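J.: Here is what each chain is made of, one letter per residue.
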Amino acid sequence: MATSTTNALAGEERSGPPTKTPDGETGRRRSALLHRLDLKGAPYAFVAPFFVVFAAFSFYPLVYTAWISLHHVELATLDSMQWVAFDNYVDLFKDSRFWNALQNTITIGVISTVPQLLMALGMAHLLNYRMRASLFFRVASLVPYATSVGAAALVFTMLFERDFGMINWVLGWVGIDPLDWEADKWPAQVAISTIVIWRWTGYNALLYLAAMQAIPAERYEAASLDGASRWKQFTHVTVPGIRSTVVFTIVLSTIGATQLFGEPLIFGQGPNGVTGGADNQYQTLGLLLYEEGWKNYQMGRAATVAWAMFLLLILVFAAQRLIRRLRPRTP
Amino acid sequence: MTVNSLPVRTDAPVRTSAPKTPRTGRRLLRIRAGRQHHAGPLAYVLLAVMAIVSIFPLYWTMVAASTDNTRVSQTPPPFLPGPNLFSNLARAWDEAAMGKAMINSLIVAGVIALSTVLFATLAGFAFAKLRFKGRNILLTLVIGTMMVPPQLGVVPLFMMMSELGWSQQLPAVIFPTLVSAVGVFFMRQYLSEALPDELVEAGRVDGAHSLRIFWSIVLPVARPAMAVLFMITFVHAWNDFFWPFVVLDMTNPTVPVALTQLSAGYVRDQSLIMAGALLGTLPLLAMFIVFGRQIVSGIMAGAVKG
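These protein sequence lines map, in sequence, to chains A and B. Quick note, in our numbering, the first sequence goes up one by one and the last residue is 331. Quick note, in our numbering, the second sequence goes up one by one and the last residue is 1306.
Be aware that one or more of the hints could be misleading.
DSS-like mimics (lysine-lysine), calculated; alpha carbons at most 27 Å apart, straight line [unchecked claim]:
1) A/K40 <-> B/K1133
2) A/K295 <-> A/K94
3) A/K295 <-> B/K1100
4) A/K295 <-> A/K185
To be clear about the criterion: a stretch of chain B counts as covered by chain A if any three or more of its residues have a C-beta under 8 Å from a C-beta of chain A, and this derived list gives those stretches [what the hints assert, rightly or not]:
5) 1116-1126
6) 1143-1157
7) 1208-1215
These aren't lab readings, by the way, just hints derived from the structure by calculation. Predicted, not measured: the structure shown is a model, and the values here were computed from it. For every residue, glycine included, the Cβ atom is placed at its ideal position computed from N, Cα and C.
Build the full structure now, drawing on both the sequences and the hints.
T.: Shown next, in the form of structure tokens:
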């Protein structure tokens, strides 16, 4: 169908330019030139919008962040930048709030990412069975993904409420005393991780499922001929088969974890929650960045926190690489 | 977590020729049935638990939004909807600026999704089917940009927006996200399989220029993938939080920003909060109910395979 429309359009075009130009020879040459220009230039024109927008609104700000982090800049007077060299970094490294935020970011990152990906793996395995209502289960697992951070954090704040929250009520059945999920450090971090886990597990499970379905059936047949149990098949065929997807989700979850902001902000306290609890017990680097810039009006220091986050990310990936290098390869 | 967007297959080689049997677009996005064992009763039980855990918080949002403040704070908590759903929704719409926020979010997410789809299809077509110098390097660069968390550039971005006079205004939220690397890659993967080279060449032989080929050959083929990309981008733009929270204020918020305001008061009206949360989620939920199959298949089609 598409071909016929093209022919029609092309035909209409062929009867266009040549008849209009008085001199047929120059007209043809000009259209040949235009054609070459189109062949050479069009691809660049097509990819240009992406690169222009990325350069202007992502790359340039990232680099400029480094420059700002060497200055004293206040929110109210953004045009006056005062060179302070590495003072912001020295202050940051002397600030116990920074180390606290760094530690919280790492612990919440681990508590939220590890169970999330393991559960996603199990969920994908279940979804991979031949079954009834498979579409329903898949869509259901994506419902949390459709919920915004705001809505999810608000609901979980209520579910984790100390006095009338449903989670303390259920824990009461098994004889556990009510926990103060907001005020105590570890319960708060677990609660925040729960929000992250709830929102992203189903999404990751679908990614794993897609990868699992691409594993050739023969590999399973060969394994079962060798007498491998279901569990052995899972660990020896399924998991290696989706390795690159697993790596991909680890990378994305790690990036997400270093940037964590909305969940701890809204959990409990709303827009005044940038301190991450009364004792900063769940303040992440993202919250610290916001607090420095938009509550303390110190944009230079906010930029410094941003670069510290970037550094953390690079360190984590370097460590991941190193661990993979050092680990003996299994045959 | 804006970076946690649509996944892509990063290990696929750049294909220069069409596959032997060009597959039609819709089939590429169709859900494949699992080819493993049949699910036993245990699997169904586990899946049911999983579905309940996924859906329950939203169900309970609805329950809490339909009762009143005293009922919500009782032990045991209510499990069945009460009579006040619509009055609470109306209150959230008026009092909490949710009405304005919904319209703002609709504009922001709509514009971002449209432009992302347009530019991603253009670039995806170029990367999949056109030959030009530096194509592979540029494509690698596109993939590399996915690894840059957008949050890191907020300070200069904020300064840029106040210089442009866009602080507290929607363009400040729209412009930085007009394109998406994931979208470009998704469309490239799709078009390199769904669009036969012969079709593009036929257009060239007929003398059509590149933009015309894009318009009358590529767009019809790309339509199913574009629809999926539109929906997924819409979801992300609707839920995006950090940057809108930084650059917008309560007089002109998007939905996630307005939601933070709901819980800020000293006396918390829990039903009102939940009504706001429900209101802000309803449009996406409606989309998932109608187009769930397409969204699921889109996310799976973009996934890293093996």
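J.: For the stretch 1116-1126 of chain B, does the count of residues with a C-beta closer than 8 Å to a C-beta of chain A reach 3?
T.: Three-residue rule met by the stretch 1116-1126 of chain B, so holds; n is 6.
J.: Decide if the proposed pair is consistent with the structure: A/K295 and B/K1100, CA atoms, cutoff 27 Å inclusive.
T.: 26 Å, holds
J.: For the stretch 1143-1157 of chain B, does the count of residues with a C-beta closer than 8 Å to a C-beta of chain A reach 3?
T.: It holds, with 12 qualifying residues against the three required.
J.: Are the Cα atoms of A/K40 and B/K1133 separated by 27 Å or less?
T.: 9 Å, holds
J.: Within a Cα-Cα threshold of 27 Å, do A/K295 and A/K185 meet the stated pairing?
T.: 23 Å, holds
J.: Is A/K295 close enough to A/K94, meaning Cα to Cα at most 27 Å?
T.: 20 Å, holds
J.: Can the stretch 1208-1215 of chain B be counted as covered by chain A under the rule of three residues or more with Cβ-Cβ separation shorter than 8 Å?
T.: holds (count 7)
No hint from the list above goes unmet by this structure.
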